[in-house]
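Sequences listed follow chains A and B, in order. Take the position in the first sequence, starting the count at 1, then add 105; the result is the number in my numbering. Take the position in the second sequence, starting the count at 1, then add 90; the result is the number in my numbering.
Keep in mind the hints are simulated off the structure, nothing from the lab. Quick caveat: nothing in here was measured; it's all calculated off a predicted structure. Treat each hint with caution, since some may be false.
Said to hold, decoys possible - Below, a sample of chain B positions facing chain A; criterion: calculated Cβ distance under 10 Å:
id	residue
1	Lys266
2	Gln357
3	Ser361
Unchecked claim - The calculated label-pair distances, taken between Cβ atoms and stated as ranges, are:
id	chain 1	residue 1	chain 2	residue 2	range
4	B	Gly178	A	Met201	55 to 63 Å
5	B	Leu366	A	Arg108	32 to 40 Å
6	A	Ile197	B	Leu350	27 to 35 Å
7	B	Trp145	A	Leu193	48 to 56 Å
8	B	Asn280	A	Asn295	41 to 49 Å
9	A	Val122	B	Gly178	45 to 53 Å
10	B	Trp145	A	Tyr130	49 to 57 Å
Ideal placement from N, C-alpha and C gives every residue a C-beta, glycine not left out.
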Amino acid sequence: MKRGIAFCLAGLATAVVFPLLAPNYLINIGMLVFFVAFIGQSWNIAGGFAGQTSFGHVVFFGTGAYTSTILQVTYSWNPWLAWPAAMLAGCIVGWMIAFLAFRAGLRGSYFALITLAFAEVFRILANSVPFTRGGLGMLIKADPRPMNFQFKDPIWFYYVALVLCVASLLIAWQLTRGRFGARLVAIRENEDAARALGIDVFAEKVKALTLSGAMCAAGGTLYVQKYLYVDPSIAFGVDKSVEMLLVTMVGGAGTIFGPLIGSIALTTINEVTRGLASVVPALKNVQPLSLVVYGVMLVLIVARLPDGLMGLFRRKSRHA
Amino acid sequence: MLDPGIIFAGVLNGLLAGGIYVLVAVGLTLIYGVLHIINFAHGSLLMLAMYAVFWLWRLLGVDPYAALPVVIPGAFAVGYLLYRLVIGRFSHGRDENILLITLGLSIVIDNGALLFFGGDTQTIDVPYAGSFVELGVAFLPLPKLISFAASLVLCGLLGLYMVRSDTGKAIRAVAKERQGARLVGIDVGNIFAVSYGIGIACLGAAACLLMPTFYVTPSSGHAFVLVAFTIVVLGGMGSFLGAAVGGFIIGITEALGGLLLGEQLGQIGISLIFILILLLRPTGLFGSRA
C-alpha cells in the first residue's frame, strides 16, 4: 500500500515537471493522453465498474461541448461559467438516457445499442437544428486569455487536463473503497443477486450514468476550448465513443488506472505508427493503421486479458 | 402539402430499398437466433462484400448480378472461417464480450479497407443503370426492381432451405434447444459456424444487389449497421418474418423521412424507431419473449 502511494506520487511529480522540460509537441501529446484518460475514466465508471457497456458515450461529450459553446458564442457567457453548466447538461442527459433505458430493463448488448442510437439522434439533431448552426459547426473566437479559458502556451491546457485526470482517478479510487462502488461492482457481477441483497439496482445504475455523463461533458468543454471548433461529427461521431471504450478496455475495465494506462498505450501506438509511416512511404495513411492495431488489441484483450494491461501488472505482482 | 403522387413514389422507392434491407437483416437475425450473439461487424462485412463486387467489376469486368454465384459462396467461406477462427474461440462468457469482439472486428475491417482501398467513394457503371420503368406517376429504376425481385427470391430460397434441408432443420433445432440438439447428435459447433456463414452469405448477395445503384466507401458499413439492427429489433430478434416486415417498414420510413423532413433530419426516423421499440416493446413485432 505504502509503495503504491509512493509510486503514484512519483508519477504525479513526473507529470508535473515533464512539460517544463519537454518541447511543445510532446506537451500536446501529454495533454491528449490525460484528456483521453479522463473521458475514458468517465466511460469506466459506467462500463467498467457498473458493467453497463455503452457504445454511445460520445453523446455526453457532445452535449458538454455544445452546451458550453452555445452559451459562450450565442449568449456570451464566460467559458469558466459555461463549464459547470455543460456538466449539468451532461448530468441531465445521462440521467435521462439511464432512466429510460434501465426503466425498460435494457441490459448488456441492448443497452450498448440504445446508447449508440441516442448518440446518432443527437448527431442528426445537431446537424439539423438552427441553434447549433448545423453541419457548419461552431467557431469560438480566438482570444487567448486565461479569463476566456484559452491559453497561448499549451502547457496550461496540459495542466488542466492533468488536474481533470487526477480528479477522475480520485473518483475511481473512491469507488473502489466506498459502498457506492461496491454496489456497482455487485450489479456488474450479478444483477439479480445484487437485487436479492437489497441493492436498488435501478437507482444505482442511474447514479453511475449521471456521474459518468457529467464527467464526460466536462471533457467535451475542454476539447472545444482547446481546438475552438465543434461540429456534429466531432461532437457526436462514433469515433470518440470507441476511443473511450478502447482505452478503458485495453488498460483494464473496472480498475482505477485502466483508462490512463490504456490512453498511454494507445497514444504510444499512434506515435509509433506515425513514425513508421514517415520511414515506409507505402503507409502514408497512418490513422487507419493505428486503428487496425487498436481493433486487434480489443479482440485479443476481450478474449485473453479481461483485466486489460492492468491484469499483466497484477499477475506479475502476485508472482513477486 | 406534398402531392400524393410524390408520396406514392416515395413509398414505392422505400419498398424497393426495403427489399434489399430484408436480405441484410435476415442474415443478422439468423445469426442472433441461432448463436444469440449480436454481430456488430455485420455492416463492415457488408461493406467488404460490396468492395469484392466492386473489384470483380473493376478488374475482371464482372457484372454485379453475374457476380452473385461467386460472391455468395465467398462470403459464406469468410463467415464460416471468421466464426471458426475468431468469434467461436472467444465466445465464452458474457454477451457484451462478443459484442466487443465483433466491434473490434468491425474496427479492423473498416480501417483495413480505408488503408488498402482509400477513402474514395466507388461506384459501378452498369449499362442498364439509366433504365426506368414507369408505374403510374413513379419512375422506378430498373436495377432497383431487379434487385428487389432477386432479394425476395433469395430470401424465399433461404426460407425453403431452412424448412426442407437437413442442415436447415439442424440449424432450427440448435436455435430452439442447444442441449437437446447436442444430445441427438448434431454437431453444434459446426452448426454455429454454418449459421454465421449463411448470415454473411446473405450479405454477399445483398452486396451484389446493392452495387448497381449504390456506392461503397470504407464507412458504408457504419451506415448500414444501425439500419440492420433497427430492422431486426423492430421485427423481433431471431424472427424471419419480422426481418422481412421490418425491412419494408424501415425502407418506407427512410424514403418518407427524407421526403418530409429533408435530407439531414430525415435520417432521424430510423434511430427514433430503434429507441422507441427497445424502450416500449423490446421483443419487437414478431419476437417471442427471450
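Verification of the hints:
Hint on B/Lys266 is violated. Least Cβ distance to chain A is approximately 21 Å, over the 10 Å limit. About 5 Å separates the beta-carbon of B/Gln357 from the nearest beta-carbon of chain A, less than 10 Å, and the hint is met. The restraint placing B/Ser361 at the interface with chain A holds, with a minimum CB-CB distance near 4 Å, inside the 10 Å limit. The beta-carbon spacing between B/Gly178 and A/Met201, approximately 38 Å, falls outside the hinted interval of 55 to 63 Å.
Look at B/Leu366 against A/Arg108: about 53 Å separates their beta carbons, and that is not inside 32 to 40 Å. Evaluation of the 27 to 35 Å hint for A/Ile197 and B/Leu350 yields a pass: the beta carbon distance comes to about 30 Å. Range check, B/Trp145 to A/Leu193: Cβ separation about 51 Å, and the 48 to 56 Å hint holds. Range check, B/Asn280 to A/Asn295: about 32 Å between beta-carbon atoms, so the 41 to 49 Å window is missed.
In this structure the hint that A/Val122 and B/Gly178 lie 45 to 53 Å apart at CB holds, the actual value being about 50 Å. A hinted range of 49 to 57 Å is violated for the C-beta pair B/Trp145 and A/Tyr130, which are about 39 Å apart.
When each numbered hint is compared with the structure, violations occur for hints 1, 4, 5, 8, 10.
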